[in-house]
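**Student:** Construct all of the structure, not just a fragment, from the sequences and the given hints.
Protein chains: 2
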Amino acid sequence: MSLSWELQAQKAKDILQQSIPKQWLLPAHKLPSADLKNVEDFPRKSGLLSARELSITEMSAATLVQNMGAGKLTAEEVVVAFLKRAVLGHQLLNFATEFLTDRAIGRAKELDEYYRRTGKLVGPLHGVPISVKEHVGVKGRTCNAGYVAWVNDIATEDALIIQCLEKAGAVFHVRTNQPQSLMHLCCSNNLTGTTLNPYNRTLSAGGSSGGEGASTGFKCAPLGIGTDIGGSIRCPAAFCGSYGFRPTALRNPLSGAKAPKEGHESIRGVIGPLASQSVEDLDIFQQAILDQEPWDIETSLVPVPWKRAKPTKNMTVAIMWDDGVVRPHPPVTRALNHAKSKLQAAGIKVIDWEPYKHKHGWDIISAMYFPDGALSQRKLIAQTGEPTLPLTAWAFDYSSPTPLTMAESWNLNVQRDIYRDEYHALMKSRGVDFILCPAYAGVASVLGESHYWNYTAVWNILDQPAVVFPSGLSVDAQLDQLTSEHKTYKPRDEVDQREWSKYTGPERYEGAPIALQLVGKHFKDEETLAAGALVDGILKGGAEQSTTTTRSML
Amino acid sequence: MSLSWELQAQKAKDILQQSIPKQWLLPAHKLPSADLKNVEDFPRKSGLLSARELSITEMSAATLVQNMGAGKLTAEEVVVAFLKRAVLGHQLLNFATEFLTDRAIGRAKELDEYYRRTGKLVGPLHGVPISVKEHVGVKGRTCNAGYVAWVNDIATEDALIIQCLEKAGAVFHVRTNQPQSLMHLCCSNNLTGTTLNPYNRTLSAGGSSGGEGASTGFKCAPLGIGTDIGGSIRCPAAFCGSYGFRPTALRNPLSGAKAPKEGHESIRGVIGPLASQSVEDLDIFQQAILDQEPWDIETSLVPVPWKRAKPTKNMTVAIMWDDGVVRPHPPVTRALNHAKSKLQAAGIKVIDWEPYKHKHGWDIISAMYFPDGALSQRKLIAQTGEPTLPLTAWAFDYSSPTPLTMAESWNLNVQRDIYRDEYHALMKSRGVDFILCPAYAGVASVLGESHYWNYTAVWNILDQPAVVFPSGLSVDAQLDQLTSEHKTYKPRDEVDQREWSKYTGPERYEGAPIALQLVGKHFKDEETLAAGALVDGILKGGAEQSTTTTRSML
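From first to last, the protein sequence lines are chains A and B. Take the first sequence: its letter number 526 is residue 526 in the UniProt record's numbering, and every next letter is one higher. Take the second sequence: its letter number 189 is residue 189 in the UniProt record's numbering, and every next letter is one higher.
Watch out, some of these pointers could steer you wrong.
It does not matter which identical chain is used: a pair holds within one copy or between any two.
In the DSSO-like style, the derived pairs of lysine-lysine whose C-alpha atoms are separated by at most 30 angstroms in a straight line are [to be verified]: (1) K357 with K258; (2) K357 with K261; (3) K13 with K490; (4) K342 with K428; (5) K258 with K428; (6) K307 with K524; (7) K167 with K109; (8) K428 with K139; (9) K30 with K258; (10) K167 with K428; (11) K120 with K45; (12) K261 with K359; (13) K357 with K139; (14) K428 with K487; (15) K13 with K540; (16) K307 with K428; (17) K167 with K120; (18) K524 with K310; (19) K349 with K120; (20) K487 with K30.
Since the hints were made in silico from the structure, they are not lab data.
**Tutor:** What follows is the structure, given as structure tokens:
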């Protein structure tokens, strides 16, 4: 007889509990009250981290490596600092699924030993702690991908991306949470529960890489590994005030990331980085992987080396104020206006972007998500009887209730390619290099409310690289009040109405950072990150300031 | 009421007949008797072509361009020479579906005018006549792809590859035949009939680009455009003594090539060149296209520029004597032995290649050809009631009789990727750069007998680039007699028995050239052609001799 789903799910909870390094747990009475929304600054108040540790955890990966290369930091003290912050973050946000303390400290000691012996760094990510979404397999560890049915499945080897990053010097210290089915833009499952937003715990950390959103947003890791088939890297980064990058498909190695419907190729998930400090770190992550030519192992990847792209102000940025389907919430529009002024002041050509058939793009991609009518997923859920969570049902409902025929599925592929070619041709004919747009209709979603995916998903169907970064602004109690224009806005349809009505005023999203998304042309990943770093720097400081304001030598 | 299929098919015959430039038709009494098998040398005897025209039609594309650049040839006289040879070839081999005389001569005149005015060539293919398989669309012309049902379909624009080649200076003068369904390794349909082999008219010209095999084999064009999903470029080239190249998928633009099940992506057809004279011409063709960055229009292509690869003797070639499934016919084995001696004498490292699960590869790809149980194709055939040809039925029978489920189809994709990764890893671990192997189990097939595809198809499922070239040997009445070892060979199974029993002695394949196939690693297209040119040169002459023995200035 099979166990009840609760008993099976307990296994995941046990793994998590047993893995927490108890010496760094804060007793309950030292934690903030559960109704404290914003805990982003709690590390400073907690007393858990020393000033040096606080400083370490607020460095970018680039700065950490620089300091380790100069002998000013050891890999071990770095990973210990991030582990402590991660334990605290987990107590506040429930973002971890498993700590990898022994592996991480063991690896850090090896790196330190190597450095002591040779005076050299192992690679471009020497000693950089990286958190990793649970469904990206870690050798010898369970890999459930958000399904109770898979709670006992064990990965036989590290995912290829983990192997690459480890060769480059990275240290893996914590695995992170994801929603049931991997298909929410929130982060809740029946295994280890719901992950919260560090800036406002009534908000979601985003999803599906919500654990990574919280991890990088709370600075539990300078870099994290997420996956994205509709916004799953970018939404968590946006919601949590960190950085996230969706590369063009088939650049980063996906082997060893577990999900149902393996072999489904009409719409491809990608694996990519989140970062707590800078766009530059996203680039370092990409470079570290692609310099290893993973296509020589995973042959479905395209053999396009990672270029070193230089940012240039000689570019045209088109701002998409609205996708023509769902009107963005007032704070998002404010951030776009802010960006427009800053970019223009910096001498960058800014024009408006007229969106092109985004609803059509959504119709294609949403039909592709579960071409078998989500049978593979429903079966997995039914196998244990775990409840189907509301946002899981929401996602399944996007697709056809019955499996598509081969012919229907092929026709969608044709439509997809036409749409891609048309969009690309349009960017060329309009002379546009990058599109600056919202990362989400709002600044974040209230827990359970992330329904509209298409500010991110449209770039998945178009397979265009997109980077998300904080605008430098947060929701403001005064500036983001509803105006009379807002109050009299007549939504275009029910979807627009549903999303618009979620914004009743700044109170609901108090404290939330406002992110933006910069989208490049297909395969212009390097240029997109270079431009993203430039735009990010302009928004936060001035045209000449780089994004690395947090970089400092000890 | 709809017309009978015969009346509908008549349209294709009419288009063909009306397009033939009558002034160059040879009267019936000047043609060789229908039972003359080998007509390869008939152009010399026909009296139709002048000595200069014969010389022109025996030049490589490279030499033609060189001569036009030096003002020694005009584009117009070049295309007229090839048109005359093509008309003759068509009378003997039935390879054309439509002549494009006016377009070709008009374009040639433009090129000549441009050259007169500027002293420059338009591009790397200035004035080079190229024949094109019928299902690759030509603006304003019908495009039936071998189906009577499509006899009235008109292409609204030139296929992207035609646009690219035309920009590079190419001239399109004749469209060529293909089998019903495009899925025979022979070339027979209910529209314009059966294409014959120039070296032996009881043999097939191969397929599905059989018209291109005959066109390049008879030197009706120095270059041709074929398509290949299981050997459809390479078999015709092999059977007809010409050169053919299957590039890695998603390098050459496919837009505008018509076929049923558009959007089916598990196994991708590719478009690529055949050449009458040299491997070098295949490279020039590829370079001319990819230098135009077609991925900036057809965004599903991979943005990998065409490198200039230099041939090097510092390589390891592994010879696959047998795929472990079907034993090659004696002449093919003789050619492999010949190649081994020549390569070794030239100082190239040659080892044996142990094939890896080729039957498994075939099981995957054959299941992928018609994942809908060939419903799309059967419907098209039923639409007019045209008879299903025996080799069409043969191909359909490879696949599951009922449509695959999504899950089955996805599982095949997973199996495909695992097989690719394993094969690639094996080549690396064995230190092998290229595999030299048969292009087909025999030298060619007797009409209607091309049943076994997997000497070519396995490289489609593995997505490895492969070039076919003549070994320099032909079937020999003495050397290719069955020995006692041959006579006592016990075939492994029914398939092996079926193929082996087709070789009753050299008489059946009299006159046929013997081709070989060189296979490179995934995406190593340029290196494969460079190595192919080197090997071709070594086989035909000596180590130092290039392949361009037919190149000469006028």
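**Student:** A separate judgement is required for each hint: does it hold in the structure or not?
**Tutor:** Now the hints, each set against the structure:
{"no.": "1", "hint": "K357 with K258", "verdict": "between (32 angstroms within a copy, 26 angstroms between copies)"}
{"no.": "2", "hint": "K357 with K261", "verdict": "both (28 angstroms within a copy, 25 angstroms between copies)"}
{"no.": "3", "hint": "K13 with K490", "verdict": "neither (46 angstroms within a copy, 62 angstroms between copies)"}
{"no.": "4", "hint": "K342 with K428", "verdict": "within (24 angstroms within a copy, 52 angstroms between copies)"}
{"no.": "5", "hint": "K258 with K428", "verdict": "between (37 angstroms within a copy, 27 angstroms between copies)"}
{"no.": "6", "hint": "K307 with K524", "verdict": "both (10 angstroms within a copy, 20 angstroms between copies)"}
{"no.": "7", "hint": "K167 with K109", "verdict": "within (15 angstroms within a copy, 60 angstroms between copies)"}
{"no.": "8", "hint": "K428 with K139", "verdict": "between (45 angstroms within a copy, 25 angstroms between copies)"}
{"no.": "9", "hint": "K30 with K258", "verdict": "neither (38 angstroms within a copy, 70 angstroms between copies)"}
{"no.": "10", "hint": "K167 with K428", "verdict": "between (39 angstroms within a copy, 20 angstroms between copies)"}
{"no.": "11", "hint": "K120 with K45", "verdict": "neither (36 angstroms within a copy, 76 angstroms between copies)"}
{"no.": "12", "hint": "K261 with K359", "verdict": "both (25 angstroms within a copy, 26 angstroms between copies)"}
{"no.": "13", "hint": "K357 with K139", "verdict": "between (43 angstroms within a copy, 28 angstroms between copies)"}
{"no.": "14", "hint": "K428 with K487", "verdict": "neither (37 angstroms within a copy, 65 angstroms between copies)"}
{"no.": "15", "hint": "K13 with K540", "verdict": "neither (40 angstroms within a copy, 70 angstroms between copies)"}
{"no.": "16", "hint": "K307 with K428", "verdict": "both (21 angstroms within a copy, 25 angstroms between copies)"}
{"no.": "17", "hint": "K167 with K120", "verdict": "within (14 angstroms within a copy, 53 angstroms between copies)"}
{"no.": "18", "hint": "K524 with K310", "verdict": "both (12 angstroms within a copy, 29 angstroms between copies)"}
{"no.": "19", "hint": "K349 with K120", "verdict": "neither (43 angstroms within a copy, 39 angstroms between copies)"}
{"no.": "20", "hint": "K487 with K30", "verdict": "neither (43 angstroms within a copy, 89 angstroms between copies)"}
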